[in-house]
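Colleague: These are the residues of each chain, in order.
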Amino acid sequence: MRNECYGIAVLVLLVVPALLPVSGGVGLAAQTADSATAEGQADTASATPAGIPDDLRDPETRSQALARILEVAESREGPVRTLWVQGLAVAEKTSPEIGARAVEALLRAEAGDIEAAAWALAEWPGPDEMKGDDRAALLALAARLLDGVDPEGGAQLRERLLAAHPAAPEAVETRLRLARYLAARESDEDRSRALALVEDLIVDTPDHPLAPEARRFLAQLRRGV
Amino acid sequence: MLFTAAALLLMAVPGTLQAQHLLVPMDRQQTNHLKAYGLTFWVLQEGDMAEWLLNYRDGAFLLPDREEVRREAALRGVRVEALDGAGVAELRTRMRQGNRETVPLETAPSIAVYTPPNAQPWDDAVTLALEYAEIPYETLWDPEVLQGELDRYDWLHLHHEDFTGQYSKFYPTYANAPWMQDEMARNQEVVARFGFPDVPTAKRAVAEEIRSFVERGGFLFAMCSATETLDLALASHATDITAAWANGRSPDPDAAQRMDWSRTFAFQGAQPQLSASVNAFSDIDVHQVNTAWRQPLGYFRLFEFSATIDPVAAMLVQNHETVLPDFYGLTTAFDVERLKPGVTILAEEGGRAKYIHGSLGEGTFTFFGGHDPEDPEHQIGDAPTNLDLHPHSPGYRLILNNVLFPSARPSPLKT
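Heads up: the sequence lines are chains Z and B, in that order. Residues in the first sequence are numbered consecutively from -16, following the working numbering. Residues in the second sequence are numbered consecutively from 8, following the working numbering.
I should point out that these hints are in silico values taken from the structure, not numbers from a laboratory. Treat the hints with care, since some could be wrong.
Stated by the list, open to error - Some but not every residue of chain Z turned toward chain B, in silico, with C-beta under 10 Å:
{"hint": "1", "residue": "Glu60"}
{"hint": "2", "residue": "Gly136"}
{"hint": "3", "residue": "Val181"}
{"hint": "4", "residue": "Leu193"}
{"hint": "5", "residue": "Arg198"}
{"hint": "6", "residue": "Arg206"}
Said to hold, decoys possible - Across the chosen pairs, the derived CB separations fall in these ranges:
{"hint": "7", "chain 1": "B", "residue 1": "Glu196", "chain 2": "Z", "residue 2": "Pro149", "range": "53 to 59 Å"}
{"hint": "8", "chain 1": "Z", "residue 1": "Asp190", "chain 2": "B", "residue 2": "Gln154", "range": "47 to 53 Å"}
{"hint": "9", "chain 1": "B", "residue 1": "Asp34", "chain 2": "Z", "residue 2": "Arg199", "range": "44 to 50 Å"}
{"hint": "10", "chain 1": "B", "residue 1": "Tyr181", "chain 2": "Z", "residue 2": "Gln139", "range": "49 to 55 Å"}
{"hint": "11", "chain 1": "B", "residue 1": "Arg73", "chain 2": "Z", "residue 2": "Gln139", "range": "45 to 51 Å"}
{"hint": "12", "chain 1": "B", "residue 1": "Asp34", "chain 2": "Z", "residue 2": "Gln203", "range": "41 to 47 Å"}
{"hint": "13", "chain 1": "Z", "residue 1": "Pro192", "chain 2": "B", "residue 2": "Met56", "range": "53 to 59 Å"}
{"hint": "14", "chain 1": "Z", "residue 1": "Pro192", "chain 2": "B", "residue 2": "Gln36", "range": "17 to 23 Å"}
Unchecked claim - From chain Z, some residues computed to sit far from chain B (all C-beta separations above 12 Å):
{"hint": "15", "residue": "Arg64"}
{"hint": "16", "residue": "Thr65"}
{"hint": "17", "residue": "Pro134"}
{"hint": "18", "residue": "Gln139"}
{"hint": "19", "residue": "Ser170"}
{"hint": "20", "residue": "Pro189"}
{"hint": "21", "residue": "Ala194"}
{"hint": "22", "residue": "Ala202"}
Every value quoted in this text rests on a predicted model; they were computed, and no experiment measured them. Glycine included, every Cβ here is placed at the ideal spot set by N, Cα and C.
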């Protein structure tokens, strides 16, 4: 239920504003930046994400681009802000090109093309030297984008992430999110798999910050809630 | 992948890999006291034996070292420490020193919670504790008790039931509330089905069944108003102490003189509260929470018992805290002047007994005053206590001591 609510929230925040006839910008980004400027809380240009991908690719403007991603995140609300923060995390820890791709996916999603943005990010072959952890980060971000519009697709990406990159930093959260998705389904097989995912998460990473939440979820699953 | 998980799990447990036993500390090192009881119960359910180390590390448990036990401990967030042969030998030596005793735990008791069919888990601290500790239980109510189903269980819990049949004397205030209407309808259904003249008579019959269950060797644990009203119902078989709304008659003005305390578990010589407008059952309860003369809450202290001489009482007070904040219930604490000889006071606050224990026939009973140890002033309709916020609750530990107590095979009383 929680995932469904979250998904709906993402869908509303991403898609509905994008469909509004806002002049002088694209959907939510421009609208939010305008209102922020009106309140004197943020500079319109700094909160507008256009140009960030190219700036990320340029070593001379990369650090400013990273700062601008944070400004964009701060100008957003709710799950959209979370997505931008995750985009910033990807951009900070990966190569310039990978980070730029992540931000481009967020921009495309904000323009309303969420599914295509997510799948393009997930299927992007990437540079030859792309590390496994970088691939995992992109898959996790793509799955997050899909949660609101195509939960099954999001689950597929998480299965792919866990199969190919089980030790990636994103794997713990991915297990929990996938488990919640599977537990909400009707089949006993899916519930069993959800149980196994949560148990493995706790046993493998008992001190992870998500372990207490996983233990609570496990107790619910065992009670059949 | 499985191998990796198992290897990581072993690394997560302090101590050697080739251990014989797992020690579950119950002192402040424990990461989740309440779930530790559930882990121990689970081991017993799996057919293994466990040991309760009375007065060692605040009531630690010793479990067999199996991979499944380590995994379950990790899943529940319970700290365990591996002990190899030398460690176990050292532990045995320590257990022989001072006021300590090792009590074998042999079987997982079958647990019944007496509760109306539509009650929510958060109506009852014991149910909350069992759910949180992941200890399985079944529920039953008047029809099942009257049909003799208590014999299927080792351990019975009662909570805020009113065995005098007066709906906890809430009727004057909540007569039209939907939950009160439901409760009355359910009770009338039992009366009609079993041919009783009224609800108080039906409840007394249930109380008698519970008394017989304990006489035959059952373990009874009661909290809140169930403690006081169970004995009032048993003692009033030759008189009438109930308000007119419960049975259509005024109470017997000489009821106090006609009470038969030979039938009761713990109390004697009490004055039943015959006034319909006073929300109290008798003078057994000291605090009288719903009256104008309500007494304030204080702190109660757990007594220390000799683990070697009186292991039963020692088991029931194992805790990492000895002074606990009090909490209200319809019955909060018991006047020590009303206790029968032979009843053991396990915890007391000034002249008020909070937690008592005794024997009846082949069985035993434990009464714990109050409603919810982590909700001192619980009100009708309050949100349930979230035990995730209280994994070390010393009050809830006392409840769970009682759940494991029937598993024990203590050595015979030495005095």
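Colleague: Can you list which hints this structure breaks, lowest number first?
Modeller: 1, 2, 4, 9, 11, 12, 13, 20, 21, 22
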